[in-house]
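Line order of the protein sequences matches chains A and B.
Numbering-wise (the working numbering), the first sequence opens with residue 1 and increments by one.
Numbering-wise (the working numbering), the second sequence opens with residue 1 and increments by one.
Hints are not guaranteed to be accurate.
Stated by the list, open to error - With a Cα cut of at most 27 Å, we get these calculated DSS-like pairs of lysine-lysine:
(1) K165(A) / K5(B)
(2) K263(A) / K88(B)
(3) K91(A) / K165(A)
(4) K165(A) / K263(A)
(5) K90(A) / K165(A)
(6) K6(B) / K91(A)
(7) K91(A) / K148(B)
(8) K6(B) / K90(A)
To be verified - Some chain B residues judged to face chain A by a derived CB distance under 8 Å, without partners named:
(9) F26
(10) V94
(11) N104
(12) F119
What the hints assert, rightly or not - Just a few of them, taken from the derived set where beta-carbon distance is under 8 Å, the chain B residues facing chain A:
(13) K5
(14) Y17
(15) P19
(16) V22
(17) A78
(18) M86
(19) F198
(20) I216
(21) F217
(22) V239
In short, the hints are calculated from the structure, not lab data.
All residues carry an ideal CB built from backbone N, CA and C; glycine is no exception.
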Amino acid sequence: MKQRWLAAPYLIWMIIFIVVPMFLVLFYSVAEQTGEGWRLTGDHFRRFVDPIYINVLIRSIVLALVSTLICLLLGYPMAAILASREYSRKKIMYMLIVLPMWMNFLLRTYAWMTLLERNGVINSFLSLLRLPALDILYTNQAVILGMVYNFLPFMILPIYSVLSKIDESVIEAAQDLGGNNVTVFRRVVFPLSLPGVVSGITMVFMPAVTTFVISRLLGGGQFMLIGNLIEQQFLSSWDWGFGSALSVIMMLLILASMGIMSKYEQDGGGGALW
Amino acid sequence: MRFLKKTYVFLIFAFLYAPILVLIVFSFNESKSRANWEGFTLKWYMELFQDRQIMSALYYTFLIAVLSSVIATLIGVAAAIGIYKMRKLPQNLVLNLNYIPILNPDIVTGISLMVLFIFMKMSLGFATMLLAHITFNIPYVILSILPKLKQMNKHMYEAALDLGATPMEAFWKVIIPEIMPGIITGFLLAFTLSLDDFVISFFTTGSGVSNLSIVIFGMARRGISPKINALSTLMFLSVLLLLIIVNLRISKDNPERRAKVERSKENGRYLSDIGHNI
Numbered sequence: 001m002k003q004r005w006l007a008a009p010y011l012i013w014m015i016i017f018i019v020v021p022m023f024l025v026l027f028y029s030v031a032e033q034t035g036e037g038w039r040l041t042g043d044h045f046r047r048f049v050d051p052i053y054i055n056v057l058i059r060s061i062v063l064a065l066v067s068t069l070i071c072l073l074l075g076y077p078m079a080a081i082l083a084s085r086e087y088s089r090k091k092i093m094y095m096l097i098v099l100p101m102w103m104n105f106l107l108r109t110y111a112w113m114t115l116l117e118r119n120g121v122i123n124s125f126l127s128l129l130r131l132p133a134l135d136i137l138y139t140n141q142a143v144i145l146g147m148v149y150n151f152l153p154f155m156i157l158p159i160y161s162v163l164s165k166i167d168e169s170v171i172e173a174a175q176d177l178g179g180n181n182v183t184v185f186r187r188v189v190f191p192l193s194l195p196g197v198v199s200g201i202t203m204v205f206m207p208a209v210t211t212f213v214i215s216r217l218l219g220g221g222q223f224m225l226i227g228n229l230i231e232q233q234f235l236s237s238w239d240w241g242f243g244s245a246l247s248v249i250m251m252l253l254i255l256a257s258m259g260i261m262s263k264y265e266q267d268g269g270g271g272a273l274w
Numbered sequence: 001m002r003f004l005k006k007t008y009v010f011l012i013f014a015f016l017y018a019p020i021l022v023l024i025v026f027s028f029n030e031s032k033s034r035a036n037w038e039g040f041t042l043k044w045y046m047e048l049f050q051d052r053q054i055m056s057a058l059y060y061t062f063l064i065a066v067l068s069s070v071i072a073t074l075i076g077v078a079a080a081i082g083i084y085k086m087r088k089l090p091q092n093l094v095l096n097l098n099y100i101p102i103l104n105p106d107i108v109t110g111i112s113l114m115v116l117f118i119f120m121k122m123s124l125g126f127a128t129m130l131l132a133h134i135t136f137n138i139p140y141v142i143l144s145i146l147p148k149l150k151q152m153n154k155h156m157y158e159a160a161l162d163l164g165a166t167p168m169e170a171f172w173k174v175i176i177p178e179i180m181p182g183i184i185t186g187f188l189l190a191f192t193l194s195l196d197d198f199v200i201s202f203f204t205t206g207s208g209v210s211n212l213s214i215v216i217f218g219m220a221r222r223g224i225s226p227k228i229n230a231l232s233t234l235m236f237l238s239v240l241l242l243l244i245i246v247n248l249r250i251s252k253d254n255p256e257r258r259a260k261v262e263r264s265k266e267n268g269r270y271l272s273d274i275g276h277n278i
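The shape of chain A in the complex, shown without the other chains (with noise of 0.2 Å):
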């Protein structure tokens, strides 16, 4: 068979554009330029083991938690209400998750900028109300929101297909035998919902604690993210050592993320979205 061969042009596409690029980035954070040439730093990691970088380190990580967990018992009860019995227009109600997603994210997130400002769309509703005014915009609540905002159909889509393949005659026997509403929920819909679950939660926190978007938007120039101390690397202070080696830790952060997750994920069948 020669038409192992077909696959030629994309191995060298994949060496020059993929794996290049890889080194490029492990070798420069971990090398150095001096007069005579190249030579092996760790100046770069170590730099990052400063109060200033690990705390930048762990905002990222706890924002991207405290999103992911909002999203979870948000999109929980609304996966499961769609995917319930009861529930007709199922399609329609799937499309209109999907469908926010078909405009531009940056604008969308653009336009919580608009609705959250001091005499924006909601502030104007509230003194309409004469409620206290809300003032979030360029704070930790504000980029909360915006991630919750943008990725809460990656969790509500993989639940929702899981909970909607469970087959209704074992939740017609665990009430035959007699478990309660909370029971057959705890013992038998929510365990078999864990795939869904896992899937869930990896696309909303991937994406989370890597965004430099959502951050630079809504929250103000002092609340930086990790995504944010990349991009500031490599486009304004023109430090690759250090850019890239915060890069490798991201790389390592999303491997450590996805290898826990792996761990809860039974049968490897969890990626409904893959």
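Fit chain B to the given chain A structure using the hints.
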């Protein structure tokens, strides 16, 4: 209980659609401000088509989406067939490498490509942005085609040869039609990913070549021109229209076709992938 459920669903949808509604409403606002309503106008829709910057961004967005998805589909179809025929060990290696651009955060893909282009002394612009888009599109094309290859009856190709087809004929008349749904899914996925990309484009472009996302990002902190609102309203309405037409056509058609579409939708979960490159 039922009322409670309905209210909950309504609130979630209100949350998802509030910003979109605001964008649409403000595209008809007389004033340039994003906070005050000063009367109805259609002038932003007129001015939109005279705006050089927006029109050029729109042009580059679509040009790159078309070129990168077509090229990625061509390379990806060939690669998927080649990978499918590989021995186990090299196959696993290639598949793992293929996952790198999908799993890597976009910002890391973006900066690593930027570092490569600068290292190769290429000036950042249209060509580099196109190369970057092709690079992040191919893996998705391959992953949409491989399952189709695995589902295919292995002996079909040989049967065609036994019946007198040349290898070329067998390839075009047997293999390609069999994997066509996967090719189409992959192409559409590549197209939409490219259309919507911001992060990777942001790092790999330069010299005045911007797509819509980059223009919007540049404007965001100063305040976005209502012309952009007008443009996105038009784009949103066209997608909505397209989805309604597709759905009406499916429900009108015979059940067999309907089942087929359902099946292809199963493979087409890609819709929810679109926002993933953030």
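Hint by hint, here is what the structure shows:
1. Proximity of K165(A) to K5(B) is assessed by CA-CA distance (about 21 Å); at most 27 Å being required, the pair is judged to hold.
2. Proximity of K263(A) to K88(B) is assessed by CA-CA distance (about 25 Å); at most 27 Å being required, the pair is judged to hold.
3. Proximity of K91(A) to K165(A) is assessed by CA-CA distance (about 15 Å); at most 27 Å being required, the pair is judged to hold.
4. A hinted pair counts as satisfied when its Cα atoms are at most 27 Å apart, and K165(A) with K263(A) qualifies at roughly 22 Å.
5. At most 27 Å may separate the alpha-carbon atoms for a hinted pair to count; K90(A) and K165(A) meet this at roughly 13 Å.
6. Between K6(B) and K91(A) the CA atoms are separated by roughly 16 Å; this keeps the pair inside 27 Å, and the hint holds.
7. As the CA atoms of K91(A) and K148(B) are separated by approximately 25 Å, the hinted pair is consistent with the 27 Å bound.
8. The hinted pair formed by K6(B) and K90(A) meets the criterion: a straight-line CA distance of about 13 Å does not exceed 27 Å.
9. Given hint, F26(B) at the interface with chain A, holds; its Cβ is 7 Å from that chain's nearest Cβ, closer than 8 Å.
10. Checking V94(B) against chain A: minimum C-beta separation of about 7 Å stays under 8 Å; hint holds.
11. Taking 8 Å as the C-beta contact cut-off toward chain A, the hint placing N104(B) at the interface holds, the least distance being around 7 Å.
12. For F119(B), the suggested interface contact is upheld, since its CB lies about 6 Å from the closest CB of chain A, less than 8 Å.
13. For K5(B), the interface hint holds, the least distance from its beta-carbon to any beta-carbon of chain A being 5 Å, beneath 8 Å.
14. For Y17(B), the interface hint holds, the least distance from its beta-carbon to any beta-carbon of chain A being 7 Å, beneath 8 Å.
15. Below 8 Å, beta-carbon pairs count as interface contacts, and P19(B) has one with chain A at about 3 Å; its hint therefore holds.
16. Checking V22(B) against chain A by beta carbon gives a least distance of about 5 Å; that is within 8 Å, so the hint holds.
17. Proximity of A78(B) to chain A holds as hinted, the smallest CB-CB distance being about 4 Å (cut-off 8 Å).
18. Checking M86(B) against chain A: minimum C-beta separation of about 6 Å stays under 8 Å; hint holds.
19. A hinted interface residue such as F198(B) counts as satisfied when its beta carbon comes closer than 8 Å to some beta carbon of chain A; here the least separation is about 6 Å, so the hint holds.
20. For I216(B), the shortest C-beta to C-beta distance to chain A is roughly 5 Å, which falls under 8 Å, so the interface hint holds.
21. Evaluation of the F217(B) hint against chain A yields a held restraint, the C-beta minimum of about 6 Å falling below 8 Å.
22. Against a cut-off of 8 Å between C-beta atoms, the interface hint on V239(B) holds, since the closest Cβ of chain A lies about 5 Å away.
Going through the hint list in order, the structure satisfies each hint without exception.
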